[in-house]
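Trainee: Residue numbers (the working numbering), protein chains in the order written: chain A, 1 to 343; chain B, 1001 to 1303; chain C, 2001 to 2623.
By construction, these hints were calculated from the structure, which means they are not laboratory data. These numbers were taken from a predicted model, which means no experiment stands behind them. Treat the hints with caution; some may be incorrect.
[Stated by the list, open to error] Computed spacing ranges between beta-carbons, pair by pair:
1. 1189/B with 147/A: 28 to 36 Å
2. 2107/C with 183/A: 56 to 64 Å
3. 1207/B with 35/A: 40 to 48 Å
[Stated by the list, open to error] EDC-like cross-link-like pairs, simulated, lysine to aspartate or glutamate; straight-line CA separation at most 16 Å:
4. 2056/C with 2297/C
5. 198/A with 2225/C
6. 2211/C with 72/A
7. 2560/C with 2248/C
8. 2431/C with 1072/B
9. 2202/C with 2248/C
10. 2488/C with 72/A
11. 2401/C with 2390/C
12. 29/A with 1138/B
Note that beta-carbon positions come from the ideal geometry of N, C-alpha and C, so glycine has one too.
If you want the building blocks of each chain, they are given just below.
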Amino acid sequence: MVSDAVTAPVARARRPRTGTAYPRYVAGKAGGAAVSLLAVLVTGFFLFRLIPGDPVKTMTGGRPVSAAQLAEYRREFGLDLPMWEQFTDYCRKALTGDLGTSYQFRAPVIDKITEALPNTLLLTGTAFVLYTALGMFLGTRSAWRHGKLGDKLNTGLALTLYSVPSFWLGLLMIIVFAVGLGPIPGLFPTGGMESGGKEGFAYVLDVAHHLVLPVITLVAVEYGQTLLVTRSALLDEMGSDYLTTARAKGLRDDLVRRRHAVPNALLPTVTLVFVNLGRTVAGVILVETVFSWPGLGGLFYQALSVPDLPLVQGLFLFFASAVIVMNTLADLLYPLLDPRVGR
Amino acid sequence: MTADAAPATPGRLARQRRRQSAARFWRSYRTHRAGMIGLAALVLFALMALTAPLTVGSGVAGVTDAPGAPLEAPSLDFPLGTDRFGRSVLGLVVWGSRVSLLVGLLAAVLSVVIGTVVGVTAGHFKGAYATVLMRITDWFLVMPALVLAIALATVMTRSLGTVILAIGVTSWPTTARLVRAQTLAVESRPYIERAKALGGGHWHIMSRHVLPNVMPLVLAQTTLMISSSVLAEATLAFLGLGDPTVISWGGLLQDAREAGAVSAGDWWYLVPPGIAIALVALAFTLCGRAVESVLNPRLGVAR
Amino acid sequence: MSPQDQHGTRRSHPRSPRHRTARLVAAAGAVALTVSAGLATPLNPAPQRAQAAEGKKTLTVAVAQSVDSLSPFLAVRLLSTSILRLTYEYLTDYDPGDAHPVPGLATSWKPSADKLTWTYTIRSDATWSDGEKVTAKDAAWTFDKMMTDEAAATANGSFVANFRSVSAPSPTQLVIKLKKPQATMTALDVPIVPQHIWKSVKDFSKFNNDKSFPIVGDGPFVLTDYKADSYVRLKANKDFWRGAPKFDELVFKYYKDQDAAVAALRKGEVSFVAGQPALTPAQAASLKGQKDIHVNEGPGRRFYALATNPGAKARNGQKFGDGDPSLLDQRVRNALFMAVDRKAVIDKVFQGHAVEGQGYIPPRFSTYFWKPSASQDLSYDPAKAAQLLDQAGYKKNAAGKRVGKNGKPLNYRVLCHATDPNDKAVGQYLKEWWGKLGIGMTLDCLDNVTDPWLAGKYDLAFDGWSVNPDPDFVLSIHTCGALPATPKDTGATDNFICDKTYDDLYARQLAEYDSAKRADIVKQMESRLYDLGYMNVMAYPNAVEAYRTDQIKSITTMPKAAGNIYGQDGYWSWWSAVPADSGSSSGGSSTGVIVGVVAGVVVLAAAGVFFAMRRRTTADDRE
């Protein structure tokens, strides 16, 4: 009991030491992810069972229904089974992609999700690529000129935008750029994803046009974090001896930066980038609401207010699993990107 | 050496040491201009919230005796116009700072307390207990916090307590990880072993040695966490998950939106609460970063 | 993410011209991107016309509510039922003027002498959009399905609950036999569906009618496309028996945010905005006086009331729920309502866009509108309210709080809809008014009020119903018969009112086929309801909506003089809407597209050049 104080802090096997350890590392990470997914499955089931009230009565929306009919519904949705059986049933179905039937839309939950998913992916994907690129680019610049005015302005702006509520920024965007304020004409649509009735390239342009404001909003509130992490990672890296050596060898500055400092500094950033995806998924609920974007976030909020138990549960599972998968990917990529690990 | 010496001396020494390190901390903090600006802003906001009963009074939130007409544009009487009930928006923003700051503060404290307890115990006890705890932490870390918070707020009744709980319960994992890492570092120091050899129990080690050493980190983390809690409170209130009878900044934004202030162009109803949220969040972030860089000089360049 | 820039380095070195070019190209790309995004809107400063390029006249309506189902057997939401009304004709319609029944699919109807058999003559000039004729068989099949298949009765089952049998002896004759007389036989709001399409449906509880378009119907419009939460698209039915609609296309477009919808109207992206349930006072005020926009305000169909829990119970006499016992005293109920300044509610919350509440049925339905007499009127009088409470034995304690029979201060839970801003606003007023009376109040705002409501776990609640031209339904929900059979069932009851006098009157009006006499009985029912104090109508909110006059030249409101447009009892508004004939072709959007295409090409080219440059620089460095 005393002796384990002497042992060094438990070395967290975050990074394999050698190339041969990689498959084992992958297996470990995948196992961890599986455990997490299982935990999500369990939570998804029990958390939403806490919502007070009778789901069947909610489902029938207060319309007159006899006890026999209610029992019939209960049987149909498997709500008459003991909790344990409901749970195993739910797990079995969830694993085969059957997430139940939405109460309010009377359609399979998985259909509602696949219907809204491309829209959300389009919005978050575009924003994600842009803010990651912008954050890394500005972060690199900032770090390279740290302490200078440019750096201060850069980080100052990033911090400020980072502190702004995204929904509020979205509303202001609508007022200024969609409705138009004073001399500024309302150039962009106020909401939605398409005007409808367009085809081919006109359709693509139309969607792009609808994308602009929500994407700008998401980028503005999200790029700050990437910037700051890139910047501090790079600053950490810049203190390293090898960079001084590299410069002493007479290598050009931007080359030193690109070849040595940036790749190393990318490491913590990569992890963040994937964690960010989770944040973006959550953030998108607000932006989708404000811009009437027909995506998962809006669907989630709508499902909660009914509450449409199977839909809420399905979306919850989906969000959480997506983030877990992303994080696992980041973990798997990490050693591949780490130049210090000879592979 | 500890037990048989005069009991006052080690205590006094410790106090003195702490005073000294606090003074050192302050000297170092003072050199961070952004941190000082943030601190000044915070002091202003705190003063505003504390003196609100004197400056605007609780009557500002009353609807039946609202002084103005609904949605009046800014004027001399109402520098920031009136809301949908005819109440002064300036007064409401001042009054709302109390709830917004309180919720932000309590949620952050709750979150940091959970994070610290989990982090310190997981770092101290190790073994299966730590593994399970860190598994849970990891799992919470990957959960989209907002999604979870919304779900929690929906499941429970609408009140300030719910909001605090929903934010606190979903935002602790980062703290737990940081604190655990620090705990491990502290516990590997020789004096901990000495304390153990002298018969110090778990509680003694955790409370007397580990905790004081992780405190600075916890402080920095709390400051940063308040910033995100204020934002989270606004978000939940905006989504209509707050208590509608309580005035808060997020609630004001939700009111403004519901009243149709956005398309009507009633900017005075919409802009001030948002700016207040952003300023407070920014101020806490600036302070948190300054504290962080004082504690971790390697990041000192972050000024 | 271009890592090269020439400022940040510690040792300066000559700027590489290639770098500068790359940066310029990148900047150009960025600008082009911005421009293209901006210019994808039409270049003409005039509001974008909500019309396609070929001069097709499209009427676009901004909506927020999701479609729950497009199956007439399942849909209950306002938007879904409105759309179904446009696609499937009913037996009868309501006159846009005074809402009396007018021919729909049925050209005439007649009850038998014993009041139990109704015979409808079905028109022979109606066709389904796939060319088949509409016959009495379709109607008989629809009703019969609802009577025999529980799932098909989901939405409109109450209409057929009293039917004994339905038959179609000939293609133009429909016979409905009743169990008891029913005065609402000319108000059967049931979409009649084509038997030849629907007979193949297996499970009515799962079939949403949203897979194969166009959907075969016989209304003024044909449903051609639907994308959840994006749009619902309908095209005019040129063969509609009443005459083709003037617009070629009707699109319901989604704006989940009402402000976004209003902004879209200002820009001309949509032709019409109704709001949910109405535009807010601020929005209406800001739209009034705008060029090319008309704000239409008409008397609403809804009443907005404060319902009191009368002690929830089931038909079998079993009591449940936890309503405050003090509310069983009529004096307390009346006192609470007398402390509500209804004029302030109208002036402050609705800002004049509502009418002060009186009887149960809104004044819009003048036949059934009733006003309390001077002696029974519970007008705003806080002093008298305090007196009533004192009389009832709820006196103030030392702290100024009124104390219940159990010795605890009175504190009522008021159930409110979290999605309704009016509930929250009025709630705050109630809290202060009742606070002055010495009564505490907790505003319990929920997204889903159904659960506590059905369980009787509330003291008071914000309540409101849209009233149909035939008031039978809103009257029926306060009868003892509407109570749930046991606490486990869900009844049709609104808030568990059960009163013998009221029930007798209800039975009488339902069997009364003389409309004047029936209206008289309905008014007596309203009087009884008012005195009971379980349903206290505070206001009748107006319908406040707006449309673009440069897109819609004229549109029929209901009632015709100063009525509403969205959510009418019929398809009159969209069927009658006449497009404005100014500048039919919208060259703007094609210009926009061309500019957008050019800009897009520029962006792509710029990106290509940029990356080519980057490659070359890297190659240089490698050497």
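Trainee: Now look at each hint and say whether the structure bears it out.
Mentor: The hints, checked one at a time:
no.	hint	verdict
1	1189/B with 147/A: 28 to 36 Å	holds, 34 Å
2	2107/C with 183/A: 56 to 64 Å	holds, 60 Å
3	1207/B with 35/A: 40 to 48 Å	violated, 32 Å
4	2056/C with 2297/C	violated, 29 Å
5	198/A with 2225/C	holds, 13 Å
6	2211/C with 72/A	violated, 27 Å
7	2560/C with 2248/C	violated, 23 Å
8	2431/C with 1072/B	violated, 24 Å
9	2202/C with 2248/C	violated, 34 Å
10	2488/C with 72/A	holds, 13 Å
11	2401/C with 2390/C	holds, 12 Å
12	29/A with 1138/B	holds, 12 Å
The structure does not agree with the numbered hints 3, 4, 6, 7, 8, 9 stated previously, though it agrees with the rest.
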